[in-house]
Amino acid sequence: MIDAIDYQLIAAVQTGLPIAARPYAAIAEQLAIAEQDVIERLARLKTLGLIKRWGVVVKHRQLGYRANAMIVMDVPDDRVARVGALISQQACVNLCYQRPRQGEIWPYNLYCMIHGKTRDVVLEQWAELRHACNLCEYPFEVLFSRRCFKQRGALYARPIANGDGAVPCIAGESRAEEIKNKQSFGMHA
Amino acid sequence: MDAIDKAIINRLQQGFPICAAPYQRVAEELGLVEAELLSRLQTMLADGVLSRFGPMYHAEQMGGALTLAALKVPGERFDEVTEIVNSFPEVAHNYARNHLLNMWFVLATEQPEQVATVIAEIERRTGLRVFNMPKISEYYVGLQLEA
Numbered sequence: 001m002i003d004a005i006d007y008q009l010i011a012a013v014q015t016g017l018p019i020a021a022r023p024y025a026a027i028a029e030q031l032a033i034a035e036q037d038v039i040e041r042l043a044r045l046k047t048l049g050l051i052k053r054w055g056v057v058v059k060h061r062q063l064g065y066r067a068n069a070m071i072v073m074d075v076p077d078d079r080v081a082r083v084g085a086l087i088s089q090q091a092c093v094n095l096c097y098q099r100p101r102q103g104e105i106w107p108y109n110l111y112c113m114i115h116g117k118t119r120d121v122v123l124e125q126w127a128e129l130r131h132a133c134n135l136c137e138y139p140f141e142v143l144f145s146r147r148c149f150k151q152r153g154a155l156y157a158r159p160i161a162n163g164d165g166a167v168p169c170i171a172g173e174s175r176a177e178e179i180k181n182k183q184s185f186g187m188h189a
Numbered sequence: 001m002d003a004i005d006k007a008i009i010n011r012l013q014q015g016f017p018i019c020a021a022p023y024q025r026v027a028e029e030l031g032l033v034e035a036e037l038l039s040r041l042q043t044m045l046a047d048g049v050l051s052r053f054g055p056m057y058h059a060e061q062m063g064g065a066l067t068l069a070a071l072k073v074p075g076e077r078f079d080e081v082t083e084i085v086n087s088f089p090e091v092a093h094n095y096a097r098n099h100l101l102n103m104w105f106v107l108a109t110e111q112p113e114q115v116a117t118v119i120a121e122i123e124r125r126t127g128l129r130v131f132n133m134p135k136i137s138e139y140y141v142g143l144q145l146e147a
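Note that the protein sequences, when read in sequence, are chains A and G. According to the numbering used here, the first sequence is numbered sequentially starting from 1. According to the numbering used here, the second sequence is numbered sequentially starting from 1.
For reference, chain G alone in the conformation it holds in the complex (with noise of 0.2 Å):
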């Protein structure tokens, strides 16, 4: 990745024209000629540098519903605990983190209720019980990273 990759990446995370030509928009705002944005965009989602590029949906807005939740897994059961867990399509992150509550892990759901539906099957499947954290206030989402 070099120089101009990184000036891509940095330009494109913080949204995209909807226009007509919008790649020649871009383009032209970092002195590129669009064949080449294209081309350094293909190759950066090939390379798996990018995973996506595309519209982040708002959860709520779209009726669905988001929860961060975490569980105590004792740690000889953690790979079994990671297995059940990550087998449910609503899990969409889930992390393994330095504390007695030890995997964190992000559920997102089409509709409100299945949240509570699928805690309660993670608790049947795991005999654990399911700290659930949905968020009570956002005061900041901006994840961008300088590349």
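With the rest of the complex left out, here is chain A (with noise of 0.2 Å):
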């Protein structure tokens, strides 16, 4: 499936690609293997779905988005995968779950996330979408960000074990050498 040098890559590429007119070919330089290696590897790895996508990450604030609300609802579980395909399929959401309830404090179980510029944009946004959905009978929250004191992609500081627990280590031995090693990754949870 997966070998050393797939590993190997995914390391190379995780900060992020180079800006230069042949990005594969530096990154192939890099790990001492082919320039037409890379671009298959990561093309494999693409379709085998550990490469999700392949862009850009843009920081929201700086592009005016600083209105970010998780809304979540509380819709019964034998409705909740229609409803939550009937909310994907709207252009402002941008991430949507179904989570587990949490008792009485969190009654929960569909969440959506919606980014806008303004607060009000996005409560304009949600009323519109409550109605075209048909969700006015679901109970919910809004949840604005008030601040962001952390963000960034997950971190990896090794290679992930593969199916038969193989485990090439390409960062350090020790666990202060593999935390300096560690690279940001872009994911959402």
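Mixed in with the good hints, there may be bad ones.
Claimed, not checked - Distance condition first, Cα-Cα at most 30 Å in a straight line; then the derived BS3-like pairs of lysine-lysine:
| hint | chain 1 | residue 1 | chain 2 | residue 2 |
| --- | --- | --- | --- | --- |
| 1 | A | K117 | G | K135 |
| 2 | A | K59 | G | K72 |
| 3 | G | K6 | A | K46 |
| 4 | A | K46 | A | K59 |
| 5 | A | K52 | A | K117 |
| 6 | G | K135 | A | K59 |
| 7 | G | K72 | G | K135 |
| 8 | A | K46 | G | K135 |
| 9 | G | K135 | A | K52 |
| 10 | A | K117 | A | K59 |
To be verified - For the chain A half of the interface with chain G, some residues (derived, Cβ under 10 Å), not all of them:
| hint | residue |
| --- | --- |
| 11 | E40 |
| 12 | G49 |
| 13 | W106 |
| 14 | Y111 |
Hints listed in this document are in silico derivations from the structure and should not be mistaken for laboratory results. Yeah, the Cβ is synthetic: ideal placement off N, Cα and C, and Gly gets one too.
Two chains, two frames, some hints: make the complex.
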């Protein structure tokens, strides 16, 4: 499936692709493999779904998206899949998940995110969405983020173990070394 | 940021070619010369408009795990608890939100069993219960913001 070179490749591109005419050749040189090999392996990782997508990671706030709302609803379990699918078709919805309820303090099981330039715009989009998807009967809350303390991709110190438990190690052996070598992955939970 | 920068961001959020001269291909699509695309990308990275340009990995396919978790933090302890939570390298995002559950963070671990370990450790160090909300179903992930 995934071999040691694939893991090295994942580690080599995780902080970002070089901005140069032949970016994959630059990566190939680092790994001492052929450019065409890099291209084929990345294409394969994408086909296999390990790379979800390949693109730019924008900073929301820099683009003027200052309002970030997590909207949560309590939808009966037998309807949640249908409602989730329906909401996901709306252009303003960026992410949509079902998650477990947490008792009285948190009776919600369906989550969607709307990013907007202002809170008013987000609330307007939510009002339209509720109407368009017939969500009026479901209890909901809109949680805006007040402060962002930390925002980065997930980190991996070393390649992930594959199915047979082999863990090729790229970063150093010591924990301190691993932490120093941590790189950033872009990812949504 | 001008109209060309915005067009570049919008185009690249949709993906990037995996071929020998990918910037050349994107530049052609946008009606630019490659050198201009490269220099604009460099500027946007340097200015912090773009945080990174590369792959988005699929955590579970990579063998790792992700979860969303929340804490109900007493107001006077907010800064102290923030510091504790952020000190965990597994915490990828952490947001304050307007609810009784007022701190929301994403945990990303290399191996699935580490989620429980990290949660137990956060509970031990903060003395607060962590509400763990791993996804049951994913209906949509398509975070693209029009520049």
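Can you name, in rising order, the numbers of the hints this structure does not satisfy?
The structure conflicts with no hint, since it agrees with every one listed earlier.
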